[in-house]
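Which chain is which? The protein sequence lines are A and B, in order. Going by this note's numbering, the first sequence opens with residue -5, and the numbers climb by one from there. Going by this note's numbering, the second sequence opens with residue 356, and the numbers climb by one from there.
Among these hints, one or two may not hold up.
Each computed DSSO-like pair below joins lysine-lysine, with the alpha-carbon atoms no more than 30 Å apart [to be verified]:
#1 K142(A) <-> K570(B)
#2 K376(B) <-> K(-3)(A)
#3 K47(A) <-> K97(A)
#4 K73(A) <-> K102(A)
#5 K806(B) <-> K(-3)(A)
#6 K47(A) <-> K73(A)
#7 K868(B) <-> K380(B)
#8 K806(B) <-> K376(B)
#9 K102(A) <-> K773(B)
#10 K376(B) <-> K773(B)
#11 K102(A) <-> K142(A)
#12 K520(B) <-> K868(B)
#13 K97(A) <-> K73(A)
#14 K376(B) <-> K766(B)
#15 K868(B) <-> K806(B)
#16 K570(B) <-> K73(A)
#17 K47(A) <-> K380(B)
#18 K520(B) <-> K766(B)
#19 K47(A) <-> K142(A)
#20 K520(B) <-> K380(B)
#21 K869(B) <-> K766(B)
#22 K520(B) <-> K806(B)
#23 K869(B) <-> K380(B)
#24 K380(B) <-> K806(B)
#25 K376(B) <-> K102(A)
#26 K380(B) <-> K73(A)
#27 K868(B) <-> K773(B)
#28 K(-3)(A) <-> K380(B)
#29 K97(A) <-> K806(B)
#30 K73(A) <-> K(-3)(A)
#31 K806(B) <-> K570(B)
#32 K(-3)(A) <-> K773(B)
#33 K869(B) <-> K773(B)
Quick list of the computed label-pair ranges, beta carbon to beta carbon [claimed, not checked]:
#34 V400(B) <-> K(-3)(A): 23 to 33 Å
#35 V8(A) <-> L884(B): 42 to 52 Å
#36 L32(A) <-> G891(B): 42 to 52 Å
#37 L3(A) <-> V400(B): 52 to 62 Å
#38 P837(B) <-> D138(A): 25 to 35 Å
#39 P837(B) <-> N45(A): 49 to 59 Å
#40 L3(A) <-> A780(B): 46 to 56 Å
Worth flagging that the hints you see were computed from the coordinates, not collected in a lab. Glycine is no exception: its CB is placed at the ideal position from the N, C-alpha and C atoms.
Here is how the chains run, residue by residue.
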Amino acid sequence: MNKDIISSLRPALVMTLLFAALLGLAYPLALTGLGQALFPSQANGSLVEENGKIVGSTVVGQAFTSDRYFNTRPSAAGKGYDGLASSGSNLGPTSQALADRVKGDVAKLSETAPGANVPPDLVTTSASGLDPDISPEAAFYQVDRIAKARGIDPAAVRGLVERSVEGPILGFLGEPRVNVFELNRRLDAFGAKPAA
Amino acid sequence: MTFQGWLLIIAFVAILLVLTKPLGKWMYALYAGERTPLHRILGPVEAGLYRLSGIDPNEEQGWRRYAVHMLIFNVVLLLFTYAILRLQGVLPGNPLGYAGVGSDGAFNTAISFTTNTNWQWYSGEATLSNLSQMLGLTIHNFLSAATGIALAFALFRGFARREMKTIGNFWADVTRITLYLLLPICVVYAIFLIANGVPQTLAGSVDISTLEGVKQTLALGPVASQEAIKMLGTNGGGFFNANSAHPFENPNAVTNLVQMLSIFAIGFGLTWTFGKAVGNQRQGWAILAAMATIFLAGVTVTYWQEAAGNPILHQLGAAGGNMEGKEVRFGIAASSLFAVVTTAASCGAVNAMHDSFTALGGMIPLLNIQLGEVVIGGVGAGIYGFLLFAILAVFVAGLMVGRTPEYVGKKIEAREVKLAVLAIAVLPLIILGGTAIASVTEAGLAGPLNKGPHGFSEILYGFTSAVGNNGSAFAGLTAGTPFYNGMLGVAMWLGRFFVIIPMLAIAGGLAAKKYTPATAGSFPTTGLLWTGLLIGIVLIVGGLTFLPSLALGPIADHLAMINGQLF
């Protein structure tokens, strides 16, 4: 046993250092170089620049809460869509806090679109708190509210949503969805810019 | 449940079955020490590693030496990461200026990553520097996975060798698996992830001025390189708090499918490697059939429950499946499948929050870990865990027919059965004991976020995940306290090595035995009867122990849920 321990010390110490250099430094740094060279946009967060300012990422969601924009889902990341604090609510199925929150959100949403069924993704928090997407139903649900707030034709807004729906890849991979950031950029490009 | 959802599940299993043989064959070459095409490029690296550390890769080790070298290596790696985390504040590669990690937190995380658990009490993007993620954690993602596969090789040799005292060389196994299996796949995998939108940069964050004119700061970093090995090595520790639910870790449905495949791929392949090692491919397929059956049963329950949704929310006007804690791009089907995959294997990555699953939908991930994660399981750990159940199964069969049991040409005697029982029985003791202590102490009860039975489920899931070296959580549990960091740290260590040491002892004993050819009187360990017996033993021995605790947690939670009772 003692002989086994003594014989293990040099390999254990040296291999730790060598593997640390290989797997902990060389591997991630080489990939950083490759990624930056081959896919610079994606490797830096798929950022979108407008007038010299970074306005968002096409991959990660941002908060939209005003009536003039398609709203994103409720978020448990910090105070909402905090990019330094991704998180779900972690509320369980029998949680009073969850029931209260959903009840409040359903009531608020119902005022904006009386009579229509509330899409479940609009009253549930996502797993990351940074969900970039909403369901097509959730987008259509908001059409009338946005048309009214912007004073434009609801049919035109509906057309924007229809063109923004992404279907499943190969017919079964992923759910039908709408990227809210990209849809709202189309909305801005279509109508007048909202007052700053 | 939808047709598309089932199509995803079927496609997932079909792709894995296609990958099983080529991967199994590749790993057999590493098992047997054969040359691979990659030796031309990486051979000199391998030789260099041996030379500098004074290793003779051809030195055959008995099980004790194999175990001691493995253990000492793990202890040194653990101390290395502990030091990196503690010194984070003064080390470079820290663009967001995070301070060093506290002693209990660093203790927990160092054990967590060394044992392939990747339980995370912290939020990655708010606690760890880029250097800590790369140097402190990524190396464990490789080496804990390589260690798991090496140990499986050692056990395979125990079955395959005849009247020998040795079970291979630990260093050669770990080095070859790292260089010729994990590293090459990860390089290609990480580039694929980057192309799909996973960041790979040394920057710490970027400031955004949103369309609504609000400032949003997004955490960035060398994500893709860690993501690849996190999945392939069934580690599961996310770069970000939200893990594979974070759009930067898992941006779309294709990356999601590949991530799920990469959790299971090596586990599937190893069943083939085992069959080849013991000279009968049907032995490997029989094990895979038993694993796949339990897996598909679990997927069915979770998918069904999540698609049915939460009646309490239905009543409030939110119809449909349960979308709390799920991402729109994955939806119900891909979230349910991911949850069952990640807990069947000892991965623990999540693309949806298990804590917010329906009561029974979330019970399956919990039960998967409690069964010992032998349904495919962690890389290496899954199959050596399953072979312990196989030893029990032939023992039970032997009792029924009244003769000494045999398995793949080796007599299974009292020593093997005792050691297998030891390895299997200690785990429930730590899980249930730890849960019991946490449930009656103030420090323990401070942890759960949810009240009522679901709060108990959070504690039970925490200890189950730690001992099972899974790492997923009912994440409402506030685990970053000295109580939980300490208790769960010890639980992770015992959960890993209390299986490994008895398992290596079995391997050593088996290697020394002579070959006993199967006769007409031997119990067949291929075919339907054997597969059925294996499933039965896993469910009865692994599952029955936990039934009372499940009744107190998820089952009580389910009854409350369908009766509209809130806590």
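Hints, verified against the model:
Distance hint between K142(A) and K570(B) is fulfilled; the C-alpha atoms sit about 27 Å from each other, no more than 30 Å. With a C-alpha separation of about 40 Å, the suggested pair K376(B) and K(-3)(A) falls outside the 30 Å cut-off, and the hint is violated. For the given pair, K47(A) sits about 38 Å from K97(A) by alpha-carbon distance, which is inconsistent with the 30 Å threshold. Distance hint between K73(A) and K102(A) is fulfilled; the C-alpha atoms sit about 19 Å from each other, no more than 30 Å.
Of the supplied pair hints, the one linking K806(B) and K(-3)(A) is violated, its CA atoms being roughly 53 Å apart against a limit of 30 Å. This hinted pair checks out: K47(A) and K73(A) have alpha carbons roughly 23 Å apart, not beyond 30 Å. With a C-alpha separation of about 26 Å, the suggested pair K868(B) and K380(B) falls inside the 30 Å cut-off, and the hint holds. With a C-alpha separation of about 47 Å, the suggested pairing of K806(B) with K376(B) is violated against the 30 Å cut-off.
Of the pairs offered as hints, the one joining K102(A) and K773(B) is violated, with about 63 Å between alpha carbons and a cut-off of 30 Å exceeded. Under the criterion of a C-alpha separation no larger than 30 Å, the hint pairing K376(B) with K773(B) is inconsistent with the structure, at around 33 Å. This hinted pair checks out: K102(A) and K142(A) have alpha carbons roughly 17 Å apart, not beyond 30 Å. Distance restraint check for K520(B) and K868(B): the Cα-Cα separation of roughly 9 Å lies within the 30 Å cut-off, and the hinted pair is therefore satisfied.
Among the hinted pairs, K97(A) with K73(A) is consistent with the structure: their alpha-carbon atoms are about 19 Å apart, no more than 30 Å. Note on K376(B) and K766(B): the hinted pairing holds, with a Cα-Cα distance of about 28 Å set against a maximum of 30 Å. Under the criterion of a C-alpha separation no larger than 30 Å, the hint pairing K868(B) with K806(B) is inconsistent with the structure, at around 54 Å. Between K570(B) and K73(A) the CA atoms are separated by roughly 12 Å; this keeps the pair inside 30 Å, and the hint holds.
About 52 Å separates the Cα atoms of K47(A) and K380(B), which puts this hinted pair outside 30 Å; it is violated. The hinted pair formed by K520(B) and K766(B) meets the criterion: a straight-line CA distance of about 16 Å does not exceed 30 Å. Of the pairs offered as hints, the one joining K47(A) and K142(A) holds, with about 29 Å between alpha carbons and a cut-off of 30 Å not exceeded. Simply put, K520(B) and K380(B) have alpha-carbon atoms about 26 Å apart, close enough for the 30 Å limit, and the pair holds.
Taking the CA atoms of K869(B) and K766(B), the gap is near 8 Å; set against the 30 Å cutoff, the hint holds. Among the hinted pairs, K520(B) with K806(B) is inconsistent with the structure: their alpha-carbon atoms are about 55 Å apart, more than 30 Å. As the CA atoms of K869(B) and K380(B) are separated by approximately 26 Å, the hinted pair is consistent with the 30 Å bound. Among the hinted pairs, K380(B) with K806(B) is inconsistent with the structure: their alpha-carbon atoms are about 50 Å apart, more than 30 Å.
The hinted pair formed by K376(B) and K102(A) fails the criterion: a straight-line CA distance of about 55 Å is larger than 30 Å. The straight-line distance between the Cα atoms of K380(B) and K73(A) is roughly 51 Å, outside the 30 Å bound, and the hint therefore fails. A distance of roughly 17 Å separates the Cα atoms of K868(B) and K773(B); the hinted pair therefore holds under the 30 Å criterion. Pair hint K(-3)(A) plus K380(B) does not hold up; C-alpha atoms about 36 Å apart against a cutoff of 30 Å.
At roughly 19 Å between alpha-carbon atoms, K97(A) and K806(B) fall within 30 Å of each other, so this suggested pair holds. Restraint check for K73(A) and K(-3)(A): the C-alpha separation of about 58 Å exceeds 30 Å, so the hint is violated. Under the criterion of a C-alpha separation no larger than 30 Å, the hint pairing K806(B) with K570(B) is inconsistent with the structure, at around 35 Å. At most 30 Å may separate the alpha-carbon atoms for a hinted pair to count; K(-3)(A) and K773(B) meet this at roughly 28 Å.
Straight-line distance between C-alpha atoms of K869(B) and K773(B) comes to about 20 Å, which keeps the hinted pair within the 30 Å bound. Against the hinted window of 23 to 33 Å, the Cβ-Cβ separation of V400(B) and K(-3)(A) comes to about 29 Å, which satisfies the hint. The hinted range of 42 to 52 Å is satisfied by V8(A) and L884(B), whose Cβ atoms lie roughly 50 Å apart. Between L32(A) and G891(B) the beta carbon distance is about 51 Å. The supplied range of 42 to 52 Å therefore holds.
Between L3(A) and V400(B) the CB atoms are about 23 Å apart, so this pair departs from the stated range of 52 to 62 Å. At roughly 54 Å, the beta carbons of P837(B) and D138(A) sit outside the given window of 25 to 35 Å. At roughly 50 Å, the beta carbons of P837(B) and N45(A) sit within the given window of 49 to 59 Å. The hinted window of 46 to 56 Å between L3(A) and A780(B) is violated, with their beta carbons roughly 33 Å apart.
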